[in-house]
Structures are given as structure tokens and as C-alpha cells.
Amino acid sequence: MTNIIQILEAEQIQNAKSIPDFAPGDTVVVQVKVKEGERVRLQSYEGIVIAKRNRGLNSSFTVRKISHGVGVERVFQTYSPMIDNIELKRRGDVRRAKLYYMRKLSGKAARIKEKLTNNKSTATLETTNDNDIDTTSTTGSSE
Numbered sequence: 014m015t016n017i018i019q020i021l022e023a024e025q026i027q028n029a030k031s032i033p034d035f036a037p038g039d040t041v042v043v044q045v046k047v048k049e050g051e052r053v054r055l056q057s058y059e060g061i062v063i064a065k066r067n068r069g070l071n072s073s074f075t076v077r078k079i080s081h082g083v084g085v086e087r088v089f090q091t092y093s094p095m096i097d098n099i100e101l102k103r104r105g106d107v108r109r110a111k112l113y114y115m116r117k118l119s120g121k122a123a124r125i126k127e128k129l130t131n132n133k134s135t136a137t138l139e140t141t142n143d144n145d146i147d148t149t150s151t152t153g154s155s156e
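Residue numbers (my numbering): 14 to 156.
One thing to keep in mind: the hints can contain errors.
Stated by the list, open to error - Below, simulated BS3-like cross-link-like pairs (lysine-lysine); rule was C-alpha separation at most 25 angstroms, straight line: (1) Lys111 to Lys78; (2) Lys46 to Lys30; (3) Lys121 to Lys78; (4) Lys78 to Lys48; (5) Lys117 to Lys78; (6) Lys102 to Lys126; (7) Lys102 to Lys78; (8) Lys102 to Lys30; (9) Lys102 to Lys46; (10) Lys111 to Lys65; (11) Lys128 to Lys102; (12) Lys121 to Lys111; (13) Lys102 to Lys117; (14) Lys126 to Lys78; (15) Lys102 to Lys65; (16) Lys46 to Lys78; (17) Lys30 to Lys48; (18) Lys126 to Lys111; (19) Lys117 to Lys65; (20) Lys117 to Lys128; (21) Lys30 to Lys65; (22) Lys128 to Lys65; (23) Lys121 to Lys65; (24) Lys78 to Lys65; (25) Lys78 to Lys128; (26) Lys102 to Lys121; (27) Lys111 to Lys128; (28) Lys65 to Lys126.
What the hints assert, rightly or not - Between beta-carbon pairs, the in silico distance windows are: (29) Ala122 to Gly50: 38 to 44 angstroms; (30) Glu22 to Ala123: 32 to 38 angstroms; (31) Lys46 to Ala122: 30 to 36 angstroms; (32) Gln25 to Gly82: 36 to 42 angstroms; (33) Lys128 to Met95: 26 to 32 angstroms; (34) Gln27 to Lys102: 24 to 30 angstroms; (35) Tyr114 to Glu59: 16 to 22 angstroms; (36) Ala123 to Val88: 15 to 21 angstroms.
Bear in mind the hints are in silico, worked out from the structure with no lab data behind them.
It should be emphasised that the depicted structure is a prediction, and the values quoted were computed from it without experimental measurement.
Idealized CB from N, CA, C, for every residue including glycine.
Required output: the full structure, derived from the provided sequences and hints.
Below, the structure written as C-alpha cells:
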């Protein structure tokens, strides 16, 4: 019996939309379908992921944001048809799986450091831009 359920859940997960790989501490924008009367529109909800619960088809994640000075948390089902899109805006550098301690913090204390990635292509691009700037500045000063 459980094998049949697991097979059906696996099929539904594969048929679901592509979900980016995100973790607690990351800033995400979730596009949620909201029905108003007969009209369906998309509503954006941007915040920090403070918890992620991986349970197959029953997976969920909690997003926290500050709205008009009040902390608001919303739990989303990862594979819900009401979620149109999940966009990863920023990676956070945290050492915990659940960031419930963020509820007590306010102001600058509630900030999360950005996770830095080492890309060789980015480093070479920056050095070429710096060389271009240096040559133009030396040319401009000699005139």
C-alpha cells in the first residue's frame, strides 16, 4: 500500500514545475495565485526562508518578511498548484537549519550575511574592467 502511495507522489513531484534549490537564510520571491471573485491574479511575497520541511509531496517552507514594521510569516506548500513561481534573489550565509531566532531580532540585528561564491569568470571579468579603468584614468591625467 505504501509503495503505491510513494510511486504516485514521485510522479506528481516529477510533473511539478521546476523549483530552484534554496535553503534557510535565502531571500526568495514567491508568486502566489490569488483568486478574487472570478479573476485570478499573481501576488508576490518576498522574504527570508526561515525553515524548510522536506517530506516529499508534503514538503513546505516558511518565509518571513517585515511588513509595515510587523513581522509576517507565511508557510507555503512546495508543490502546491497555487504557487506559480519561486525566484531566488539572494543566498544567505547561515549555520542553522531553522532560523526561528530571527523572530526575536529587529533592525540591523535581523540581517543575514550574503553567501559569497567563487566564480573564476567573475574574477577575470572584474580584473579586465579594473585594467580598463586604470588605463583611461592614466590617459586622462597625462593630457
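Hint check results:
For a cut-off of 25 angstroms, the pair hint linking lysine 111 to lysine 78 stands: about 15 angstroms separates their Cα positions. At most 25 angstroms may separate the alpha-carbon atoms for a hinted pair to count; lysine 46 and lysine 30 meet this at roughly 14 angstroms. Taking the CA atoms of lysine 121 and lysine 78, the gap is about 14 angstroms. The hint holds against a cut of 25 angstroms. This hinted pair checks out: lysine 78 and lysine 48 have alpha carbons roughly 22 angstroms apart, not beyond 25 angstroms.
Simply put, lysine 117 and lysine 78 have alpha-carbon atoms about 13 angstroms apart, close enough for the 25 angstroms limit, and the pair holds. Between lysine 102 and lysine 126 the CA atoms are separated by roughly 13 angstroms; this keeps the pair inside 25 angstroms, and the hint holds. A threshold of 25 angstroms between alpha carbons decides the hint, and for lysine 102 with lysine 78 the separation of about 14 angstroms falls inside it, so the pair holds. A distance of roughly 18 angstroms separates the Cα atoms of lysine 102 and lysine 30; the hinted pair therefore holds under the 25 angstroms criterion.
Between the alpha carbons of lysine 102 and lysine 46 the distance comes to roughly 20 angstroms, so the proposed pair stays at or under 25 angstroms and holds. Taken as a hint, the lysine 111 and lysine 65 pair is honoured in the structure, with Cα atoms around 7 angstroms apart against an allowance of 25 angstroms. With a C-alpha separation of about 12 angstroms, the suggested pair lysine 128 and lysine 102 falls inside the 25 angstroms cut-off, and the hint holds. In summary, the hint linking lysine 121 to lysine 111 is supported, as the alpha carbons are separated by about 20 angstroms, within the 25 angstroms threshold.
Pair hint lysine 102 plus lysine 117 holds up; C-alpha atoms about 24 angstroms apart against a cutoff of 25 angstroms. Distance restraint check for lysine 126 and lysine 78: the Cα-Cα separation of roughly 16 angstroms lies within the 25 angstroms cut-off, and the hinted pair is therefore satisfied. Annotation: proposed proximity of lysine 102 to lysine 65 holds, straight-line Cα distance about 17 angstroms (limit 25 angstroms). A C-alpha spacing of about 19 angstroms is found between lysine 46 and lysine 78, which places the hinted pair at or below 25 angstroms, so the restraint holds.
Between lysine 30 and lysine 48, the direct Cα distance comes to roughly 20 angstroms. Compliance with the 25 angstroms bound is thereby established for this hinted pair. A C-alpha spacing of about 16 angstroms is found between lysine 126 and lysine 111, which places the hinted pair at or below 25 angstroms, so the restraint holds. The straight-line distance between the Cα atoms of lysine 117 and lysine 65 is roughly 19 angstroms, inside the 25 angstroms bound, and the hint therefore holds. A hinted pair counts as satisfied when its Cα atoms are at most 25 angstroms apart, and lysine 117 with lysine 128 qualifies at roughly 23 angstroms.
For the given pair, lysine 30 sits about 18 angstroms from lysine 65 by alpha-carbon distance, which is consistent with the 25 angstroms threshold. Between lysine 128 and lysine 65 the alpha-carbon distance is near 18 angstroms, which keeps this suggested pair within the 25 angstroms criterion. Proposed proximity of lysine 121 and lysine 65 is supported: the alpha carbons are some 24 angstroms apart, at most 25 angstroms. Using a Cα cut-off of 25 angstroms, the hinted pair lysine 78 and lysine 65 holds, with the two alpha carbons roughly 15 angstroms apart.
Restraint check for lysine 78 and lysine 128: the C-alpha separation of about 19 angstroms stays at or below 25 angstroms, so the hint holds. For the proposed pair lysine 102 and lysine 121, the alpha carbon gap of about 19 angstroms is at most 25 angstroms, so the pair holds. Annotation: proposed proximity of lysine 111 to lysine 128 holds, straight-line Cα distance about 17 angstroms (limit 25 angstroms). Taken as a hint, the lysine 65 and lysine 126 pair is honoured in the structure, with Cα atoms around 19 angstroms apart against an allowance of 25 angstroms.
A hinted range of 38 to 44 angstroms for the beta carbons of alanine 122 and glycine 50 is consistent with their spacing of about 42 angstroms. Distance hint for glutamate 22 and alanine 123: a CB-CB separation of about 36 angstroms, consistent with the stated range 32 to 38 angstroms. A hinted range of 30 to 36 angstroms holds for the C-beta pair lysine 46 and alanine 122, which are about 35 angstroms apart. Against the hinted window of 36 to 42 angstroms, the Cβ-Cβ separation of glutamine 25 and glycine 82 comes to about 40 angstroms, which satisfies the hint.
For lysine 128 paired with methionine 95, a C-beta distance near 29 angstroms keeps the hint of 26 to 32 angstroms intact. In this structure the supplied range 24 to 30 angstroms holds for glutamine 27 paired with lysine 102, their Cβ-Cβ distance being about 26 angstroms. A beta carbon spacing of about 21 angstroms between tyrosine 114 and glutamate 59 agrees with the range 16 to 22 angstroms that was offered as a hint. Between alanine 123 and valine 88 the Cβ separation comes to about 19 angstroms, which falls inside the hinted range of 15 to 21 angstroms.
In terms of the numbered hints stated before, the structure departs from none.
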